[in-house]
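Based on these hints, arrange chain B on the given structure of chain A.
First to last, the protein sequences are chains A and B. For the first sequence, the positions run 1 to 310 when our numbering is used. For the second sequence, the positions run 1 to 669 when our numbering is used.
Do not take every clue at face value.
[Unchecked claim] Just a sample of chain A residues kept apart from chain B, beta carbon distances all over 12 Å, derived:
(1) G58
(2) W132
(3) A157
(4) D160
(5) T229
(6) L252
[Stated by the list, open to error] Covered stretches of chain B, as calculated for chain A (at least 3 residues, CB under 8 Å):
(7) 56–63
(8) 111–125
(9) 521–534
(10) 566–572
(11) 645–656
Just so you know, these hints were derived from the structure itself, not from any lab. By construction, the Cβ of each residue, glycine as well, lies at the ideal position given by its N, Cα and C atoms.
Residue strings, one per chain:
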Amino acid sequence: MTPLSMRGDTLRFHLLALALLVLLAGPHTASAADTPRIATVDWTIAETLLALGVTPVGVAQTDAYREWVGAPPLPDDVVDIGLRAQPNRELLAQLAPDRILLSPMFSTLSPSLERIAPTDTVALYTPGSDLWTRLKSATREIGAIANRKAEADTLLAWLDVHLALLRQTLASREIGDRPLLVVQFVDDRHVRVFGENSLYNAVMQRLGLENAWQDNTNYWGFSTVGLETLAKLDDARLVVIEPLPVGVEERLESSALWQHLPSVRRDDVLTLPPVWSFGGAPSAARFADHLSQTLIDAAATPPTHETPDE
Amino acid sequence: MSDWISRSLPFPHFVLTPARLCTLLALVCLALSGLSLATQLPVAQWAQALFAPDEGNIDQLLTHYSWLPRWTIALLAGGALGIAGVLMQQVLRNPLAAPTTLGVATGAQLALLLATLFAPGLLVLGREWVALVGGGLAMGLVFALAWRRGLAPMVVVLAGLVVNLYLGAVSTTLILFHQEELRGLMVWGAGSLSQNSWDGVLYLLPRLAIALVLAGLMLRPLAILELDDVNARSLGVSLKHLRLMSLGLAVFITACVVSVIGIIGFIGLAAPAIVRLLGARTLPQRLLWAPILGALLLTTTDQLLQRFSGALPTMIPTGATTAALGAPLLLWLIPRLKLGGDRPHAAPMLTAPRRRHPGRLLMALGLALTVALAASLLLGQNSEGWAWPSWAIWQATHEWRLPRTLAAAGAGTLLALAGTLIQRVTGNPMASPEVVGISGGTAIGLIGVVMLVPGVGLPMLLIAGTLSALATLGVLLLINRRSGFQPERVLLTGIAITALFDPLRSIVLANGDPRTQQLLAWMSGSTYYVDTVLAVAVAASAVILTLAMQCLSRWLDLLPMGNSSARALGVNVDRARLALLGVVALLTAAATLVVGPLSFVGLLAPHMARLLGAARARAHLLAAALLGALLMVLADWLGRQWLFPQEIPAGLMSSLLGGAYFMWTLRRL
Chain A
1 MTPLSMRGDT
11 LRFHLLALAL
21 LVLLAGPHTA
31 SAADTPRIAT
41 VDWTIAETLL
51 ALGVTPVGVA
61 QTDAYREWVG
71 APPLPDDVVD
81 IGLRAQPNRE
91 LLAQLAPDRI
101 LLSPMFSTLS
111 PSLERIAPTD
121 TVALYTPGSD
131 LWTRLKSATR
141 EIGAIANRKA
151 EADTLLAWLD
161 VHLALLRQTL
171 ASREIGDRPL
181 LVVQFVDDRH
191 VRVFGENSLY
201 NAVMQRLGLE
211 NAWQDNTNYW
221 GFSTVGLETL
231 AKLDDARLVV
241 IEPLPVGVEE
251 RLESSALWQH
261 LPSVRRDDVL
271 TLPPVWSFGG
281 APSAARFADH
291 LSQTLIDAAA
301 TPPTHETPDE
Chain B
1 MSDWISRSLP
11 FPHFVLTPAR
21 LCTLLALVCL
31 ALSGLSLATQ
41 LPVAQWAQAL
51 FAPDEGNIDQ
61 LLTHYSWLPR
71 WTIALLAGGA
81 LGIAGVLMQQ
91 VLRNPLAAPT
101 TLGVATGAQL
111 ALLLATLFAP
121 GLLVLGREWV
131 ALVGGGLAMG
141 LVFALAWRRG
151 LAPMVVVLAG
161 LVVNLYLGAV
171 STTLILFHQE
181 ELRGLMVWGA
191 GSLSQNSWDG
201 VLYLLPRLAI
211 ALVLAGLMLR
221 PLAILELDDV
231 NARSLGVSLK
241 HLRLMSLGLA
251 VFITACVVSV
261 IGIIGFIGLA
271 APAIVRLLGA
281 RTLPQRLLWA
291 PILGALLLTT
301 TDQLLQRFSG
311 ALPTMIPTGA
321 TTAALGAPLL
331 LWLIPRLKLG
341 GDRPHAAPML
351 TAPRRRHPGR
361 LLMALGLALT
371 VALAASLLLG
381 QNSEGWAWPS
391 WAIWQATHEW
401 RLPRTLAAAG
411 AGTLLALAGT
421 LIQRVTGNPM
431 ASPEVVGISG
441 GTAIGLIGVV
451 MLVPGVGLPM
461 LLIAGTLSAL
471 ATLGVLLLIN
481 RRSGFQPERV
491 LLTGIAITAL
501 FDPLRSIVLA
511 NGDPRTQQLL
521 AWMSGSTYYV
531 DTVLAVAVAA
541 SAVILTLAMQ
551 CLSRWLDLLP
561 MGNSSARALG
571 VNVDRARLAL
581 LGVVALLTAA
591 ATLVVGPLSF
601 VGLLAPHMAR
611 LLGAARARAH
621 LLAAALLGAL
631 LMVLADWLGR
641 QWLFPQEIPA
651 GLMSSLLGGA
661 YFMWTLRRL
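Pulled out of the complex, with its shape left as it was, chain A reads as follows (with noise of 0.2 Å):
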């Protein structure tokens, strides 16, 4: 067992070593004179911005977007703007942002806003292309905006060479035999499975990790299911993205439903800390680590008791 665990450690420095180039490497190639004053009522947008070393002066709800989306951290000057669907355009107006950019969601504001800065969309969960293809046009889109475009293409370059290595580690350990189902509990009955057009769905694909959800999902790749469609799904693998709704843990201990679960009765249930769950390519990349950990973890130590007939 410890050459295993001694390999996960030498995985993680690896990771964080690149993280931290990456961050680094954002405000030394590029002045503050020539960033122009972002204002963004998109959380993934927000994120990137970050990501490519861009603090932008405005974001909406930035209480909520320090809990649902967490990293990369949002500094403290940032001013809240209000309300995601509802910016407060007295006091955008105030701030005075060079750009302000929306979401194709929040696109009815544009007119209204246009009047206050240059406003434009940057469009990332809309259905009809691949999500990857449109997380790399999006982030080079924002790293364009924000006068970040070298920043935009290490970003990507990094994460694409990140997950093929995190690839090759879980191929070479043969981890993944299992699809994975990727949910979140809304409450003990019902979940949210991330499949097609999902930023869960598109990490995977790149780890060669296989979705056992291949039924229908909406714009943003989520369909809210009762808990009892996932027991039909024999061979898949319950992945917990956190945080669960208060009391859920529980009423799950007393849930027979889901004590008897192919996935809970071997005893192989993943739980990941938080993810924004419609986020950009940090998200990704956040996805990607937390999965390929988690999984080589749970590897390195099987479950501690088989079902009879497994």
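The following block gives chain B in isolation, referenced to the frame of chain A:
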């Protein structure tokens, strides 16, 4: 009463009775359930799956822990809501009383929202207890408001509706600001029956058994309630206590159901109403057949839903679906319902002092409106706190504040006028534009467009909204034409149309689509999306319509006297009603497009005007218009400043402010 139903069916000699309808439905339900279970599990394994499922067989486990509990709980919950509905309708002598109209469901939901956000520890103790306390408190509030009037049926329903709106507004505010944390409650709120153990059934069963026994014990005294108050009292029945006990029992039943599976719309309203229509006239008959019909309705709906919704990526909760399926049924029933609508209203109207010279009142209101407008335009906050008028502020005023303030004032006026018209036409203080269903209809169209066409612009939304408002009006007129637009029927139709809007909203919310935030904002009545052109148009039409409305004041003075009196005084009653309803529809549609379907102002402003002494139609209209504008402007300004930089939509704020005032006056009524 059942004759006309039989006549309108293809087989004229077949008389539909409650027993026959239930048998028919039971057969359909059993067939569907059998089919569904058979595709899930071979028939040979059914008995084993029921009593001792094979731990290794996932199909048997699913049947035992998911399919069977879900089926059972659908029966239980449907039956329970049927009983609760019968009790409430009996006590309130009102065919529209239902578990969901008395604030219980919204009270329970609000309690759970609050617990989730501020005291999560309580949820670990048990969600059902939190829901029970919330539902009980909401009902207690309704009782408290109606207490001084001896819990008179009319006042209880009015109080229930107001409490419902008020708590609903608080819930929506919380959801608006905590969308991610509260998504689980959205699913619950929409009434999903999905189960994963027998816990829910085991919780519900003993409680319902107790409730049923209690209802049986109260059968005889309850039957006396069918007499009017004076006769019942002369038989020595304490009306207050009887009403309190039976309503309390109904609330307990509802809270149990709500806490386990969430808000199930319509069953509690429909089951008792249908069995009554089919000839179950005595209370024991209704108490027998309503629960059976309720159980069958809910279970059949759930089976159909499981059968046909499996392929969709959207989860469609059953509670929302019963409401959606129930609404057309209700629309079909309304022209056939026998309601005593033609006599003058014996029900207590709002009585208030009448001013001989309302001029002074109107002056005072006008002055207050001017002050509010000035404050809304000039006072505001920026990143450093409160800012006094300056050049920068003037720019902000011109650019951002003027359209919103104008739109708020205009929409408030339009809604107040619509409310005044409808309250006078129907002679019903419960009536408001919302109840007529135009708001709901407009909202359905707008939600549809937003969900189907991504990134849609305002002109398209305007067109879609107008079209759906007109379509709603068409349905309203079509259904009510035969009955000569009797007030109660029009109200009923409106409620049925609004009932179509609710499930749609629940489904949208339950699926946690990130676009919901914008929809939520609009549905809660925000002036945020209004531009200058729209604002000026709304404000101008509000002024013009207020003046034009003066021509209608003769009708409005005469119609509340009852059909025969009005006719004797030379009014063509049907044509007058039709014209007034058309005006109401247009007023409501215009206002809804600007500030969303939440039109508490339409209920409130005419009321306040009446309480302030504006009794004649002319003064009533003017005072209500001024009050509507005043209320909406204040709400809009407060909503923008209170949680700066976040904004509480004007519709919500007016509900929060107006609702509190309204409850206070109701208590003193």
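Quick rundown of the hints versus the structure:
Residue placement check: G58/A does not keep its beta carbon more than 12 Å from all beta carbons of chain B (closest about 9 Å). W132/A, annotated as away from the interface, keeps every beta carbon of chain B farther than 12 Å; the closest lies near 20 Å. With a closest Cβ-Cβ approach of about 29 Å to chain B, A157/A is found to remain outside the 12 Å limit, as its non-interface label requires. Against chain B, the non-interface label of D160/A holds: every CB pair exceeds 12 Å, the least being about 27 Å.
A beta-carbon of chain B comes within 12 Å of the beta-carbon of T229/A; the shortest separation is about 9 Å. Annotated as non-interface, L252/A brings its C-beta within 12 Å of a C-beta of chain B; the closest such distance is 9 Å. Given a C-beta distance limit of less than 8 Å, the hint that chain A covers the segment 56–63 of chain B holds, as 4 residues qualify and 3 suffice. Only when three residues or more bring their CB closer than 8 Å to a CB of chain A does the claim for the segment 111–125 of chain B stand; here the count is 4, and the claim holds.
Check on the segment 521–534 of chain B: 5 of its residues sit with their Cβ under 8 Å from a Cβ of chain A, so the three-residue criterion for coverage holds. With 0 residues having a Cβ less than 8 Å from any Cβ of chain A, the segment 566–572 of chain B misses the three-residue criterion, and the hint is violated. A stretch counts as covered by a chain when three or more of its residues have a beta carbon under 8 Å from one of that chain; for the segment 645–656 of chain B and chain A the count is 3, and the coverage holds.
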